[in-house]
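Dock chain B against chain A, hints included.
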Amino acid sequence: MEPTLFKFIFRYSWRQQVWLLTLTAFSFPTLYLSLELPKLIINKAIGSQDFPKTYWGVELGQIQYLAALSFVFLGLVVINGSFKYYINVYKGQVSERMLRRLRYQMFTRILRFPIPHFRRASQGELIAMITAEVEPVGGFVGDSLAVPAFEGRTLVTSIAFMLVQDPILGAAALALYPLQMYLIPKLQRQVNALSKQRVRTVRKLSERIGEVVTGVEEVHANGTAEWERADISRWLGVIYWLRYDIYRKKFFIKFLNTFLGQLTPFFFYLFGGYLVINGELTIGALVAVLAAYKDMSDPWKELLSWYQQKEDTRVKYDQIVEQFDPAGMLAANLQDPPQGDIPHLSGPVVCSNLILEEEGGIKTLDGVSFQFDLGERVALVGTAGSGADIVAKLVARLVAPTGGSIRFGESSLATLSQAVTGQRIGYVGQSVALFSGNIRDNLLYGLKHRPLESAPVDDEEKAEQDKYITEALAAGNTASDVAAVWIDIGALNISGPSALSENVAAALATVDMERDVLGLGLQGAVSESDCPNLAQRVLEARAELRSKLAEPEYEGLVVPFDRDVYNGQMSVAENILFGTPVGPTFSLAHIAENDYMLSVLDTVGIREQFLDVGIRTARIMTEVFQELSSGHDFFARFSFISADDLPAYEAALRRVDSLETKALSEDDRSLFMALPFKLITERHRLGLLDAEAQAKLLEARRAFADGLPEAYRDAVAFFVADQYNPPASVLDNILFGKPDLDRPRAHERLTALVLDVVDSLGLRPTLIDVGLDFEIGIGGGRLSIAQRQKLAIARAVLKCPDLMIIDQATAVLDPAGRAAMREALLTACNGRGLLWVLPEIGDAAGFDRVIMMENGRVVAQAMPDAVLEGSVMSSPAGS
Amino acid sequence: MAQYSDLVALLRAVPLFAGLDPGKLKLLAFSSSTVTLADGETLIFEGDAADAVYIIEAGEAEILVNVDQQDVRIGVFGKNWLVGELAAFLNEPRTATVRAVGTLKVLKIDAEVFLRIVSESPDVALNVMRILSKKLARMTASVERSDDVGRPDISARSGNC
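The listed protein sequences derive, respectively, from chains A and B. To convert, note that position 859 of the first sequence is 859 in this note's numbering; the numbers rise steadily by one, no gaps. To convert, note that position 63 of the second sequence is 63 in this note's numbering; the numbers rise steadily by one, no gaps.
Calculated directly from the structure, the hints in this document are not laboratory data. Accuracy of the hints is not assured; some may be wrong.
[To be verified] Result set (EDC-like, lysine to aspartate or glutamate): computed pairs, CA atoms no more than 16 Å apart in a straight line: (1) K105/B - D742/A; (2) K108/B - E623/A; (3) K24/B - D740/A; (4) K108/B - D740/A; (5) K26/B - E623/A.
[Said to hold, decoys possible] Label-pair restraints from in silico Cβ distances: (6) R637/A - E92/B: 15 to 23 Å; (7) R12/B - S233/A: 54 to 62 Å; (8) Q723/A - V67/B: 45 to 53 Å; (9) L741/A - V101/B: 22 to 30 Å; (10) G23/B - T224/A: 29 to 37 Å.
Don't be surprised by glycine CBs; every beta carbon is placed ideally from N, CA and C.
Chain A extracted, bound-state conformation:
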């Protein structure tokens, strides 16, 4: 990053600046002419009698002359306007390009920050700097040279004119300029100091807001809203007063400037007038000087405001530079995209005399030396504070040591390109970061080091892409295309997408996540266009499952969808729809308000019964749930009235008691009408819908399908026995019925049965593929904590790293899961390097080497058998 604003501007935009100057210079003659021409028109064309005039042999009468001059004037207006338009657009372009460059440089530098620096630099601050603070810097770039150059020129011209008219008066006009030039920067410096402080305070504010947003749960849990409000109010107050001071000073400068500017005419009137009266000066000269002085004040004002803007921008730029230049940044070239194949690492890994000194001189590592081979699986045993986790981070090059070195065979870790460390070293730490997107994106994240193959584009897209690339390069950005193929399967020594799928499946199996992903796949909805042959195979699975369910031991486990039978495991709404709702029209929340649905109920004459059932359901619900505090999760699990709605139902029920049902208001009726739709007769067993009512609902099912208006055709996908139902999940498509969860072990047996069918038809890989498309939400929020951790480990496993580093990454798993994961990774990394930070020596069985650390030093090293037998448990002499 350039140390000063002007160095930045000159280095990256001097050509554009020169072009801007040239353009403005060229615009001057026409601008001058267009100012002169009106005088000419009035004096010569309208006011003169001296006609006809002859120009280049053409004789012009007065009207013709007037017309000619007017059209020349019009032409000049157009030319001037075009110049102005072009210059403004060009300035805007230069500004935006420079802004883009600056933002890109800042972001690039964030990527190179030493990781410990992020303990001090808060996210909120960094975001505020890149998005908001640099904005005025960009805006200033276009004006940075052109404004002072040309306002300055106008000023100098006016001064020269005045000095020529009358040297004494001219000198008098200039007399106060030195005072202004002395005073104003002095005042401006105070403003600068204040704006610096303001920038810092705004950063602090964004940091605090960011902190509250991340910790909002704590704010709620501790009831500290008022405290947080008070704190934010304090910062807003600080900003207010800073701003207020800035305004006062800024506008005082303006005032002073205007005052000094008007002081000069005051002298002119007084002393110039005196001279004229005494006959020592002609009145013409005084008027001319006054006019020239007036001409001067405009550019002078412009220059002043340019100066203020410049100072403001300079302050911001300086502060940005200061923030974006922490000590110990990663060399830029280490993050360059790799050329050619990414080389493998070779052993032995030699750590010599590693020292890590924190701020304040505390040594968290104090002379750590050990070595291991890349074929060895090493347990680095140490409790919190032992430094074992820090060693892991050093070997992963996430932290740079303050002393000592780490070598991989012949090469020093410090000089390896990040593409090499990123591909060949797998590191999973205690905290997991997942990016929004689906599971697949996250799994393959570690294979994206450079674009390998550009995405296929047509001619139009190609032109668009070229334009994009040209502009990116002009702003010093990378031209790599995110839409290209980035996944480097070559680094895994495999070829073809099917091999990658196998590796993905293997990685998922290693971390015991295959079942989870398969489950997500079963829950996913797949359109036929996405996966054309899946539909057919799901229908096969449906048939297969049906035949298995016919066996006596599974009798009644699933109640199949049958167009002619009321299904007691389905809600009333589902029974009438007999299909999957698409969109909100027939969703459970809206179905009771749908006019067509209500007309269907009328057709079969069940609408009044619905109201009655609704009222009776509401009575039971209020009885059952009135004792529970609202917000209890039983509401979500069992009730079809949410805790928030319960009081409304209680009130409505009281009105029912005091009124005739017929006299109920529309609102109350629709409140009750919504309930029967949610009833599942076999699950809720309220006994409110007898066989007769169910027969009527079947009638309603037929009436609904037969009379469905064209407009609602796409709002429901009907269940058809031998057809795939795209909006329903794959699982629902296979079941094609509703499970009776009250059967003994219904869930377990059904799961086993479905998996059996899935496997017998070879659907597992396809469904895993569907599961990999599951969107995990921001930070992986839609996955469980254990799943997130497993996904992070799978991501590292998938890279097939030469050295895998596991830094307490299994802490969130249960003890059995931890042991299984250790077992699986020990097997997966057999023959490769594995460095595992373990808190307890007891878990070190199965490793090839054990290194024990305490207080930032290695206290013992041995083969695990010896350690486990306790023969080297004591520290070596001297430490």
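Using the frame of chain A, we list chain B on its own:
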């Protein structure tokens, strides 16, 4: 399948829930269901997640533990006995398999609802303790005598509470 109103009546007759106030009983009835198993059908598998507890309404259930790949019967329970409460209390996987001996009718109670009722109703908690103590006593006795455990009948005792 029993309707909600039948379940209210059924649960009211279960000694374990004697003394439970009507509001809670209704919640219990609403969230519970009846399950019928044929002879030899399995109600609970060792290792399953503990999502429910069961009260035997009619018939008998045998408790089996897997020892060296062989099912070893450690007890038989009949009417009004509580089954599956240990895993629910501990929130751990099932420790034994439960299988129907003859036709078995049970009340299935959601584990969370059960825990809530126990924690809020001292009478029920005491009843549960009695059942657990009885089970423990039987285990001890069966270990001492190493013969088949006797048939329980807690209705007389808990009916007095």
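Starting from the hint 45 to 53 Å, judge whether the C-beta atoms of Q723/A and V67/B obey it. Taking Cβ atoms as reference, Q723/A and V67/B lie about 50 Å apart, which means the hint holds.
Taking only the CA atoms, is the gap from K108/B to D740/A under or equal to 16 Å? This hinted pair holds, its Cα atoms lying about 14 Å apart.
Starting from the hint 22 to 30 Å, judge whether the C-beta atoms of L741/A and V101/B obey it. At 24 Å between Cβs, range holds.
Beta-carbon spacing of R637/A to E92/B - inside the hinted bounds 15 to 23 Å or not: holds, 21 Å
Satisfaction of hint between D742/A and K105/B, Cα-Cα up to 16 Å: The given pair, whose Cα atoms are some 12 Å apart, holds under the 16 Å limit.
Hey, K108/B versus E623/A, does the alpha-carbon distance stay inside 16 Å? violated, 21 Å
Please verify whether K24/B and D740/A have alpha carbons no more than 16 Å apart. violated, 25 Å
Is the Cα-Cα distance between K26/B and E623/A 16 Å or less? holds, 7 Å
Taking the CB of G23/B and the CB of T224/A, does the distance hold inside 29 to 37 Å? Distance hint for G23/B, T224/A holds at roughly 36 Å.
Return holds or violated for the Cβ distance of R12/B and S233/A against the range 54 to 62 Å. holds, 58 Å
Checked against the numbered hints given earlier, the structure breaks hints 2 and 3 and satisfies all the rest.
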